[in-house]
Every structure is written in C-alpha cells, then in structure tokens.
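Engineer: Sequence:
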Amino acid sequence: MRSAVVFTILSAITGCIPGSGDRNMVTLTEPSWGVQFEDSTALFIGIHAVSETIAWASGTDGRVGRTTNGGLDWTVRRIPGADSLQFRDVHAFSEDLAFVLSIGSGTDSRIYKTTNGGRSWDLSFQNEDPNAFFDCFSFWDERRGFAFSDSYEGEFTLVRTLDGGRSWNRIPPALVPDARPGEGAFAASGTCVTTGSEGRGWFVTGASGVDTRVIWTTDYGETWEEAMTPLASRTPTEGIFSIVMHDDSTGAIFGGDFSRPDTVLSNLALTSDGGASWRQAGPVPLAGSVFGAATMGTDLPVAVYIAVAPTGTAWSQDGGKTWERIDSTAYWTVSFYNPRAGWAAGPGVISRFRVSGLP
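Using the working numbering, you'd call the opening residue of the sequence shown number 3 and step up by one each time.
Derived from the structure by calculation, the hints contain no laboratory data. Since we're looking at a predicted model, the values are computed, not measured. Built from N, CA and C at the ideal position, the CB exists for glycine as well. Hints are not guaranteed to be accurate.
Claimed, not checked - If you anchor each label on the Cβ, the simulated ranges turn out as follows:
# : residue 1 : residue 2 : range
1 : Ser122    : Glu224    : 27 to 37 Å
2 : Ser86     : Glu40     : 30 to 40 Å
3 : Ser86     : Glu227    : 29 to 39 Å
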C-alpha cells in the first residue's frame, strides 16, 4: 500500500506419514530453517520456489537472487538502473525465465523480465499513473498474468498481460468491484495475489478502516467477484497480508496489524469453496501481522501451511485448524515447490526448510 506510514515501516525493517490414520492431519517433526545465504545489507521480500533445485528471490536496492542447485549456491545481482527500487515480488518459471515487480508511486512501480537467468533484464511494464502503487503480481502461465495496485478514488488498478509481458493493459474498472476509500494491499511478501488453474485468480485487501475482502476471477480476469472476510481492517496498518490457495477450493488468508508487534490478533480465515466464503480460524501464534504464507504442496493428504512474520515462523499440519510456533527468526516471505523444497527470506537471509517424517 502507498500510505507513508506503511511504506516507511515496511522499508525500514531492513507424501507424508498420516497421524493415526487421520487423513485430516499429517505428522512431521523437527521443523527448522537452514540458512543458505546471508547479506546484512539486504532485505529479501519476494521468493518463488520453481523446483527442488531452482528458486528465485527479490528484495531492496534492485537485488534479485537465484539458485539452481537447491540453495548450495545463491547468485545475487542488482538489475542495472534499478538500484533504488524495491523488488517485493518475483514469479519464475525456470532457471532462465523470471519476472520481478517493484513497488512505489508512479514510475517506481515496474515489472522486469529475464530470459537468461538474470544476466540481463528487460523492462516489461512501467506504471505511468501517479496515483497507482503496485503491490503484487502472479501468473497463470508464461503468457498470462496480472498485477494489482492500491485503489484510488474508488477504483482498483489491475493490469494484465496475455503475451508473456510484451504488453500490459488495464482491466476496465467497471469489471472489478468498487474500492473503499484507502483500500489496498500490503507489499510485504509478494503474496497479496495468487493464481490457480483454469483462469482462477485472487487478490486480498485491507487498510480501509471498514472491512477486508477477497476479490477473485475464474476467467483470467475478464470478470471479478468479491467476498467479505472476518479479518479486521480498523486502521491503515491492518488487514489481509497474504492469501494461499492449497488448491482451487481450499485456502487461507493471513493478516494482522504490523503496528502492533507485541500482540497476537485474529489473523486467520479459511475457505473451502474457492474464496466465496471465509470462516475465522486460528489465530496463528505470531504477533503483529503475518507477512507471508505458503502451503507445502498438494501431494500431502491435507494442507500444511507455513506462516512467516518479523516475529517468527509457525505452521499447521491440519489445514489451519491448529498451529505451532517454530522459531522467532524474522522472515517476510515463503514459498514451497513441494514438501521437500521450500524457502523463506527476510532481513539479510535466505533459508531452506528442513523437516523430518517425509518418506
């Protein structure tokens, strides 16, 4: 979101074993993060696990990182001419093809594309609307994706590509539900939007002082519907920060208030109907706000969620019903390819998830 308070604070924080035959829970043990890359001058805010060996990360000062060997080595480069930008989202398809999104008002909101593993980058999109502030993006495939901006004068700005990033066009505001005054998203992890199969896509909101919503499409952005959620948005620092869809029906939203880092709030809601309705759950035992979250993969019998925040990591092995805190290390963003390949990133660090109990 573009709020000066939010921008300042966010910028400154520089197959398993079924439990007792219960298909609604898994039993994994000894969860931890193994640090793979450290740089005290960096803040990594976006991460995308592409395979068991390939992952990409993005962050402040124009940084983009990549591993092609499971994290044994990370190469971190700055995109030329983008040293002042904060790349808060990354979406990759292979060791060669990736997109990154930078936040900021006006022309600071950009999307870059690489087709050669980050050795060079092309400017795919540059926002020219001084009232837009892009937060997150996601892709359905190598050709089709969309990006989301905070609202202005009752309208959200959504742009879409259908040609692999060669062009981006605004989705007509008349097709998208009207925005509340001040309504937007939090560019804290690159997970305020997500995509599913067959044209499904979702974005989440907060900061309106009214309520929070999940707004979704089932046709690649041609039409959009909305659902209110039980998570609160009483101030510009409170709302939904992250959405995770385990599959096209089952998912979770995570939120909170980052201005209250000592308080565990009502920060979780679940859906079983593709986002049409949400029921309160949790809370996730992380104070302030959950910045990012992920599911460990659909090859487990139930959704195993990992949630990260500046106050630590927590996980649920029963689809979000119950939660256990893992540690208190600050991470902003998390992504899993499958239960064996998941990474988190945050202030000065990129780490890989470790767990026992996988076959």
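Engineer: Looking only at beta-carbon atoms, does the pair Ser86, Glu40 fall within the given range of 30 to 40 Å?
Structural biologist: This hint is violated: roughly 23 Å between Cβ atoms.
Engineer: With respect to the beta-carbon atoms only, verify the hint that Ser86 and Glu227 lie 29 to 39 Å apart.
Structural biologist: holds, 38 Å
Engineer: Tell me if the beta carbons of Ser122 and Glu224 are separated by a distance inside 27 to 37 Å.
Structural biologist: holds, 34 Å
Going through the hint list in order, the structure does not satisfy hint 2, though it satisfies all others.
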